[in-house]
Each structure stands twice: as structure tokens, then as C-alpha cells.
Amino acid sequence: MERTVEVVPAAGLHARPASSLVQTVNTFDATVEIGRGTDGADELVSANSMLAVTGLNVTQGESVRLVAEGPDAAAALDAVAAILTSTVEDEGEAS
Amino acid sequence: MRTLTGVGSTPLTGVGVVRWHRPADELTLPPRPAPADVNVEHERSRFETAQDEVREALETARTRTAASVGEDEAAVFEAHQQFLDDPGLVDDIQDAIDDGTPAPHAVSARFEAAINQFEAMDGRMAERADDLRDVRDRLLAALLGVEAVDLASLPADTVLLAERLTPSDTAALDPDAVAGIVTATGGRTAHAAIIARALSIPAVVGVGDELDAIEAGTEVLVDGEAGEVVVDPSTERRAAAGGVTAPVRDAPVETADGKPIEVAANVGSVTELDPAAARGADGIGLFRTEFLYFDRERPPDEDELYAAFTEAMAVFPDNRVVVRTLDVGGDKPISYLDLPTEPNPFLGRRGVRLSVDEHADLFETQLRALLRAAASAQGDGLAVMLPMVARLEEVTAVLDRIDAVADALETAGVEFAIPSLGAMVETPAAVFLADRLAERLDFLSIGTNDLTQYVMAADRENDGVATLHDPLHPAVLRAIDHTVTAAHAGDAWVGMCGEMAGDPALTSLLVGLGLDELSMSAVTVPAVKARVMETDTEEAAALAAEALTCSTREDVRALLELE
Chain G
1075 MERTVEVVPA AGLHARPASS LVQTVNTFDA TVEIGRGTDG ADELVSANSM
1125 LAVTGLNVTQ GESVRLVAEG PDAAAALDAV AAILTSTVED EGEAS
Chain Y
-10 MRTLTGVGST PLTGVGVVRW HRPADELTLP PRPAPADVNV EHERSRFETA
40 QDEVREALET ARTRTAASVG EDEAAVFEAH QQFLDDPGLV DDIQDAIDDG
90 TPAPHAVSAR FEAAINQFEA MDGRMAERAD DLRDVRDRLL AALLGVEAVD
140 LASLPADTVL LAERLTPSDT AALDPDAVAG IVTATGGRTA HAAIIARALS
190 IPAVVGVGDE LDAIEAGTEV LVDGEAGEVV VDPSTERRAA AGGVTAPVRD
240 APVETADGKP IEVAANVGSV TELDPAAARG ADGIGLFRTE FLYFDRERPP
290 DEDELYAAFT EAMAVFPDNR VVVRTLDVGG DKPISYLDLP TEPNPFLGRR
340 GVRLSVDEHA DLFETQLRAL LRAAASAQGD GLAVMLPMVA RLEEVTAVLD
390 RIDAVADALE TAGVEFAIPS LGAMVETPAA VFLADRLAER LDFLSIGTND
440 LTQYVMAADR ENDGVATLHD PLHPAVLRAI DHTVTAAHAG DAWVGMCGEM
490 AGDPALTSLL VGLGLDELSM SAVTVPAVKA RVMETDTEEA AALAAEALTC
540 STREDVRALL ELE
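For the protein sequence lines, the chains are G and Y, in the order given. Under this note's numbering, the letters of the first sequence match residues 1075 to 1169, in that order. Under this note's numbering, the letters of the second sequence match residues -10 to 552, in that order.
Don't read these hints as lab results, they were simulated from the structure. Ideal placement from N, C-alpha and C gives every residue a C-beta, glycine not left out. Do not rely on the hints blindly, as some may be mistaken.
[To be verified] Facing chain G, from chain Y, some residues (calculated, C-beta under 10 Å):
{"hint": "1", "residue": "Ala64"}
{"hint": "2", "residue": "Ala68"}
{"hint": "3", "residue": "Asp74"}
{"hint": "4", "residue": "Pro76"}
{"hint": "5", "residue": "Gly77"}
{"hint": "6", "residue": "Asp80"}
{"hint": "7", "residue": "Gln83"}
{"hint": "8", "residue": "Leu121"}
{"hint": "9", "residue": "Leu548"}
[Stated by the list, open to error] Sample of chain Y residues lacking proximity to chain G, with all beta carbon distances greater than 12 Å (derived):
{"hint": "10", "residue": "Arg99"}
{"hint": "11", "residue": "Ala103"}
{"hint": "12", "residue": "Gln106"}
{"hint": "13", "residue": "Leu336"}
{"hint": "14", "residue": "Ala446"}
Only chain Y is shown next, with the shape it has when bound in the complex (with noise of 0.2 Å):
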């Protein structure tokens, strides 16, 4: 048994057989051996049974994309075997392992040659050099044993290991498969980790280097709450780790002292809506529209949105659902959009920038929908929040924007109600206005992930400033203080629903801070009711007094018993 140490990023565990993701510009090259060295006969057969692996897997890709897809997308699998079979390539690499260099050496170098001569043509030869090049590395992966995986449909009992992985790698994965994620790299507050959590699969990120040494088949074990990662894990471990932390409550609930605190879910599609009801969460602090349009070639009409927005209340008819506008930007391109690409994406043209002013027409159909949404049968509970709001006149363009609609929506007869509104904290000019935001808003909700990357000017998908950016840095602590303090001064309740809501280690300091509710990933919510019935707000409040008074974060991580 050996452990490994990261960072926990979602709180469960799970034990499976590792695979590794290894994306194919990390396909290196052992070291070529002298010609003399190289059995010809050893060679050649691993070339071949290469091929035969090859063309197997590209069999069922083809065979699977053509049942799901289509003909036609499914041709380009057609394409990836011709270049397998070859006899223009097959024959030189054949003599090129005949006059003793290694199959992968031989498949590397001759796919290069093809590659470069494509390259040097024109546009359609270019794309021609991607099928070679997928073939190519399908190739070496097979040659060198590194197993060519495909995320979307991985074995039961999956322990994926990677370099690092990308979004859309996480979201193409089956939760009920992959029994845990482990990177070398990442922090909890990586896209990447946020969409794991959101599908419930265990993960550990930034383990560092150390990872590479477990092999492929290993047995593993991921602890997301601790952070580890337990190589043959021992029967005693396991048995561990099967107990769940925390039981389920459906009910809301309140510190040991008596002071109700929300604990919400976040989501970011309608099918997370059953799971984060099912963990108890007591409505959705968060609900992210993006999903909604992306993917697709127009945005999504009027009637889709009122249908995703009174799904969402239906299924938490007793409580409060955050729907929160567009926000997108250049780092989350929408291909209809045509939004700019901008050399600073986080401080570019994003969230209510871009819905008070180019896409008007867009954000005047959430309202739509939202307003005839709030009149809907559960419709008490909806609520609107502002992304990246930084100025009070985007406040001002959205009421104007809603006494509008309303009028419209009036003169066409359509029944509507007005939600309440409030806006996300997350740049350091909302906590500074908190105050005039809380007079005219009915709630503010802080986003810790974008707040600390402002306030610490630390990019968070950035590991060499991975040290700045988290929230208990004394800056940003005392930026949450300063804007609950403000909003309750304007008769404004307020919610966080960065990630640092769901960390139950932080709940009685934030409770302590004088937050009204926690909006976190499903998954932490029993966790965090747990440790909102031991808090007592009056300790909580002394503990979060005298964190504000630390100098450092290490003064903060010391006076919250952290490692």
C-alpha cells in the first residue's frame, strides 16, 4: 500500500483499475537502440499486431459513430483504415524495420514524412494530415502500450489518471463507469474539477509527477475528502471508505444555536436537478444557463427556456431557484455568437457586459421566459442573478430592460410576475458598491472562484499562481465581510455559491461571516448541513472576527486547524 497526496476536489471515493489519459503530443519515444540490437523478426510482428489493434478499435469507432451519429460522420473511420492498410506507407515501414529501426521509431518517421508532404499542399491535403496524424498516434499508442482511451465509453470501474484533463474530456465522462479522476495537475477550482463534481466522480488533482509511477492496471483508491490516492489499497481502507460521511436530510436546517442557514445546490443542467435533490439541497442557489446554449446551432427560444426554468421549480416546489443570466465570454466561445476573441477573456467582454449591450436580444428572451416563468405555479421561489456586474449602471439597463418586457408582456396579454433580483460578487468593483447594489437588489450572491482570481489577480485555470488563488487569503476574506456586512446594511440577504461554499471545513467560518446560504456541488450539501447543526453562530462569529484580523493565509489555514 502506498499513498499518494493532492488535493481533494470532490468528497467522495471510490477504488478501480487505472487507466491512463495520455493525449497524443505526450507520446514520447523510447531511446533508439543500434540496429544490431533490434530483433527484426520481434519487430515486425509488434508493427503488425499493432495494425490488427488498430484496425479493431477504428472498426467500433466507426461501427458506434455511424449508430449514434451518422454515415457520414462515420466515413472519416473508412478514411483513418485506408491510411492504416496503406501499401505506400505499410511497405517503408516494413523496410525500414527490416534494416533494423524499431516499429515505433519506423511508424513515427514515416507518418512524419507523409505528414510534412500533406502539409507543404494545400487546405484540403492539411486536414488530410489529421487523419494521419490520429492514425499515427493510434499506432504508437498501441506500439507502446499506452492504452488509446476513449473517455466516453471506459469500463466499469475506471480510475482515470491524466497529465491534466479538459473540460470537455470530464464531461464526456460516464459517472457511472469511472470510479475515480486523478491529475498531476489542477486545483479544486479548475472547470475541470467543477464539471467532476458535478458528476459526482472522486477526484484528486495536483498530485504532481509522482503520478506517472502508477502503471496502468493498478488497483487504486481515490479519497477525494483527503486528498489521497492509495495504490493497492488494503482491505482495512476500503472497508473505510465505503461508509458515507454524512446522512442525507431532506429538511432545511439551522445552527446548534437556532439560525437557519440554506444549504443549496449549484447545477448546471436540468438532469443535475433530481441527484442535488436527492443530497437535500434545499433549492438551487445556481443555475447555470450556459448549458442551454451550447452545442447547438441557434439559442435556445422563449418556450425552451420557460420549460427549463419550471422544471427546475417543479422539482423543488417548497424552496428558492437562482437562475442565473448568460454568462458567457470569450473564453466560452457560443459558435453563433460570434463573440471576439480577446487576448484577456476574464476581462473582456462577459456576463451582463454582453447582455445589457450586443446581446440585448438574447437576455431579453431569458427575461421573457423568467417573467412568465415567476408567474408559473411554483414561480414564488424563482429568483435572477446578474453575472460579473461591476458598474451600478448595468443594475439600472436591467430593471429598465424588465419594466420593458413586463409592458410587453402586458400589452400581449401574457400572464407574468416579477422575480426577485440580485447579482453575483465577483469582481472587486460589486464588493466595493456592495452597499448601493444591496439598496436597489434584493440579494448578492459571492462568487469565491472569479472574487479571488480578481481580488488576488490570479488566474484560476493557472497552476504557477495556484499558492494565490484561494479565498483564505486574507484579502478576500475580508472582501466576503465587507459585502455581507454591506448587504445586510441594505436590507439584502446574502448567499455564496463559489466553490468555497462547499467546503465543510470552511462552514463555521462562513456561517460566522454572516452568510444567509451556501450554494455548493450537490455532492458536499450533506456534508455542510452536518456541520451547519454544530455551529455555533456565536463562536462562528468570534472565529470569523478573529480571521479577519490574520495577516496571512498561513495565520488564516493556522487559525482554522488546516493543514
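For reference, chain G alone in the conformation it holds in the complex (with noise of 0.2 Å):
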């Protein structure tokens, strides 16, 4: 199951959107991956690794593409994709 959203966080991927994005992955079930929207299968990366979704280095208004597969995928992409395209954001760039 995958579906293609567009950044919308000012942080992009970073900061507090990025932290998250790892924290509520972690409360699902699913294993969930995430890579640029314009990147091969090969290039996804593990949502559940900060150091993994900061180091994609995507921007605000890039599209990134989520593949998750478990029982509970299908709300584990809802939660991921709530956040990438919330305005409510971000006091993480303070910190």
C-alpha cells in the first residue's frame, strides 16, 4: 500500500515534523518506508529511523512517497501523511 504527498511543514523534513513523523510510525504496527516522490523503490528508506528520514534531506514542497505494509498500514499512511501536510507547525525550528 503507498501514496505520494507533498511536504508541507516549513521545516520539511527536519526538526520537529521529522520527529513525529518517527514517534507516531513507531506506535503502528506496519513497517513503514518513505523516499523522494521522483526516487526508485530502491532509494526508500526506513520511516522508523530519524537519522534515516532527516538524512533524506527533503525540503517544504518536495512530494515523498510512503510504502507501508502490515495489518494497521493503511492508518499508519493517514497518521504519516497528517503530518507532512499539516500547517500546524513548527516551534521545532526554535530548538
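Quick one: dock chain against chain with the hints and give me the complex.
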């Protein structure tokens, strides 16, 4: 199951958005992988790793591809997509 | 019982348990054993234990920061926690351990790779690299058994050991918890040592590499008077340490033959006023104003300054309070001042040079507050002192400025008075011009730390020239003598507010040189008062005269019977 979304938060996939993404993924049983929308399947990284997620260096306005597998994959994708398309952020930049 | 010797810095004694403060760059990995010699099970559990420890420490730091500073600032620790448990790091580290890499080496290598990867990206990623460094250092400290010391919340009865402490490290210490400080490097006039004295924390500095041999958890006695660090002190030694060396005398003192000598305190914040009074200081010989300007977004306004000055005078209603105008420069940066970065800040834009020029606005605010404070209830004792004076033009400019401020206050109908005005003698220029300065000013005060630095051309923070940085060099003594003679000829009183003034072993020499006032860290006031009372001015003058004939520092030290 997969989905492609545009990253809305000004911080991109860094700081607070990246941190909440990783925390959220860890609450699901599904395995979630993430990569740039333009990259191929072999460019996907594990979304439960802060290092891997921030290492993608995705900025605001870029699209990312999310791939989830597992019993609650759909719910996991919804939750992650919600974070990536939320405009309510991101005091995390201040820290 | 084993004793290490260094330089006594805060002349107090404390006993406590050793904790080492080792900044991250001092964490070195032990030699790496062959993979066959590595116990994989042991290394795995060692890594997990370290992770648990760091996780707990991060949680404590997060909670405390959230409570004391705010949730936003605490968020950084959440990011650290995520890196700590990051599968991208942890899985690789565990794989490396399984292949026979000891845990510290595995952690170091994996984090190093991640840090390099992040630093190869843009600016924002570089910040992440700093987060990774923090987590790595915490893990390595836990793995290597080096305590990651949180300086602001050390447990009670800690004796803090370090290669060196920065001034901000020292300022963060809780004097109620820290029983002593011992550093391998540093001298007693370094800023960190001065702060330790202001906080009344027993301290011995410059112990050398031998300090490394003292392990965390050992009980030690820090004797800041003798300059000794005693490992596992005997009951007798502890008992001897318990006694107070000199009783506190609230009243001003005289020499044995009746010459009054003012023994005042140097303070760097209003919180130091009451402790100074409690130790019997005869007023404040150096009220530093810099603390009012640090750690904030904009400079203090006139009313805030006025409040600080009148608070000091209220604590010492019968004594003089000498306020030094803003003494900042390139080595003490203040965010909103936009001070230039200079290759030699000690020889650059600093002190009164800024006050009569690019920061005349801040100076004017200080003067308005000072002139108003001089007209307040205890205002008679207020005196104003200029730092880093090297030219008569500076004094003239300040006097003009005072006239202008007085006119403005008069016009505005604000009550004011003109406080007495003096200059610090820190530069050789001020020494040679002391007669001219004394004609125009009410007093001079010798700042021996900077004066020694400039006369001897020896950076006070540079251990490589620590021997040169001693006011007992004949050249410095002659500079002091010249200043005192010139000041008295010009009917100005002359004091000393450098560290030299607080050394009881030098009191009779200083009385003999003719100083009217000695101002020091409050902690040494009782001992110096006791020495003043034992001093005979004629004998002291003979001692000073002989010291001035000495050719070398060694001769002076021998004359004073110093080891």
C-alpha cells in the first residue's frame, strides 16, 4: 500500500515534523518506508529511523513516497500523511 | 593519605567526593583488542546498559529543561532520545559488536559516519550533526565509566576535578553542593579562578598531570590556602581543616601603630553584596557592572542600574561603594553590542575606550543612574571608577560627559549629585601618567591582574607564561610604587583591586608600599584584616623599600619568605 504526498511544513522533513513522523510510525505495527517521490523503490528508507528520515534532506514543497505493509498499514499511512500535510507547526525550529 | 600540590586559589578548605568533569573531546578510546578477544555477549549488554543510562539522563534533562526553561527548548532532548534508539544506528552498532568490535569502538565508528554524512549536507543538517555528537558523547561517557557531569546540579559534597574549567563552567556551579574545585592547569588570576573565589568555593589550580591519577569516587580534601589536595585525608587533617582561619571583623581596622587601612570587597553581582558584608568588608572597592549586561537581549535601562547601585549602598551605608563603569571588550562578547572580533582583544576596543566613543550611549545611561544614585539616601559613599584608562583625553571626555549629564538632569528637574571619580591603573600608560591623573581625579585603583599582564607582556590566561604573570616581579612592584607616590603627591587616595590585594602573605608589603585601600574577593577579607592589625607601618615600609631594590622575582619571594 503506498501514497505520495507533498511536504507542507516549512521545516521540511527536519526538526519537529521529522521527529513526530518517527514517533508516530513507531506506534503502528506496520512497517513504513519513505523516499523522495521522484526516486525509485530502492531509494526508500525506514521511516522509524530519525537518522534515515532526516538524512533524506527533504525540504518544503517536495513530494515524498510512503510505502506501508502490515495489518494497520492504511491507518499508519493516514497518520503519517496527516503530519506531512499539516500546516500547524513548527516551533521545533526554534530549538 | 597522599598529597598533591598546586596553587591555592580560593583560600578555604572543603572535603568531598571526587567527580571528574571531562569535556567530550577528552574522551579517548582504549586500545582496540583483536576480535577473537572480544566477549560479544558482554559488549552487547554493556551497550544496552549504556543506552538505558543515557535514556534516563536525557529524560531527566528533558523534564528539568521543560520546567525551568520551556517545552520548546526541551524538544532538543526528544530528538536526542530518538537518535539514541534509532534503528539505523542501533542495528549497525549491534552488528559491529557481533563481528567482534568492542561497544565503545562500534558506537564511535557508527556515529562518526553519520556525523560525516550530515555534515556533508547543508547548514540545517550540520545542526543535526551536533545533536548526534551530543548523543555519542553521552554514550561513550557511559561506556567508558566517565560520568557525564551536569555542572549545575552536582550532588552535595562534590569535589570537582577537571583538566580546566571555563568561566561559564564555574559560574554554573552551585556553591552549596560543590565542596571544592581542583584543576590540572590554570592560575589563580584566571577568570574561572576569580569566579570560584566570588562563589567562595575552595579551589586549588595548576596541580598538573598527576591529577589524572585521582579516580572518581575518591574522598579528597581541598586546602585552598596551602594549595594542597589530600587524597583520603586523615581524621587529624580533616579536624584541622574545620577551623576558621581568621575571625570576621565588622569594623574597619588599623595597623598595629594606628594607620587605618580600608579592606573592601570586589563583587560581580548584587547577590555577592550580603556575603561580602557578612565577611566584614569595609564597603565595595570594585563593583563590576558587566553582569548587568550579560545574558539578555538589550542593555539595562537607567532605573535598573539605579536600583542596583542604591542596593549596594544600602548594604554598606557607612562605607564607600566604588562602581566601575562598563568594562567589556572583544573577549567578553555581548550579543546586542556588536563588538568587533579582534586578533588581540586585550589590546583592542575595550573599557573606557568604548565608553567615550562607540558606546557613549550606554555610558551616558550609566552616568545618569550614577549621578542620581549619588543624590540618594546613602549616596555620599558612591564613587565611580573608569577601566582601562591610558590617556588624559579619556578622563577629559568623561568629565565633559558628566557635566553634560548633570546639565540635562538639572534641566529635567531630577535630583543628582556628582560622585567622586577615579581611574583604574591597569596600563603602563596610566602608571607613567599617574601624577596627571591624580591631579584631575579623586582616586586611583591599581588592577594588578591586568597591570601585570601589560607590564610583563604575559597573557593572564596563558599557562605558558604563568611564571611571568606574577605581580611580585620587580617591574610590577616598581609600577605600583610609582603609582602610589604619584597619587599621593596629587592628593588622591590609592587602592588596589587586583588579586594581589587579597593575598594575606603580601599585606605588609602592600601597606609598606603605601596603599590606602585593599579590595579583594570577600572570602579573604577576614585574613587580610587580621594581617593589617599585626602590621607595623615602619617595618612594612622598610620591607617594601627593600623589595624595590630586588632584581628578580626570586629575590622578592625570598625576602617575603615565600616558598
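Status of the hints after comparison with the structure:
Taken as an interface hint, Y:Ala64 checks out: its beta carbon lies about 4 Å from the nearest beta carbon of chain G, inside 10 Å. A cut of 10 Å between beta carbons decides the hint on Y:Ala68: the least distance to chain G is about 6 Å, and the hint holds. About 9 Å separates the beta-carbon of Y:Asp74 from the nearest beta-carbon of chain G, less than 10 Å, and the hint is met. Because the closest C-beta pair between Y:Pro76 and chain G is about 5 Å apart, less than 10 Å, the hint holds.
At a threshold of 10 Å, the smallest CB-CB gap from Y:Gly77 to chain G is about 4 Å, leaving the interface hint in force. Against a cut-off of 10 Å between C-beta atoms, the interface hint on Y:Asp80 holds, since the closest Cβ of chain G lies about 9 Å away. Nearest Cβ of chain G to the Cβ of Y:Gln83: about 14 Å, over the 10 Å cut. The hint is violated. For Y:Leu121, the shortest C-beta to C-beta distance to chain G is roughly 8 Å, which falls under 10 Å, so the interface hint holds.
For Y:Leu548, the shortest C-beta to C-beta distance to chain G is roughly 59 Å, which exceeds 10 Å, and the interface hint is violated. The Cβ of Y:Arg99 does not lie farther than 12 Å from every Cβ of chain G; its closest approach is about 10 Å, which violates its non-interface assignment. The claim that Y:Ala103 is not at the interface with chain G is violated, since a C-beta of that chain comes within 12 Å of its own (minimum 6 Å). Distance check on Y:Gln106: its Cβ comes as close as 6 Å (rounded) to a Cβ of chain G, failing to clear the 12 Å threshold; non-interface status is violated.
With a cut of 12 Å on Cβ distances, Y:Leu336 stays outside the contact zone with chain G, its closest approach being about 38 Å. Every Cβ of chain G is farther than 12 Å from the Cβ of Y:Ala446; the closest lies at roughly 45 Å, confirming the non-interface assignment.
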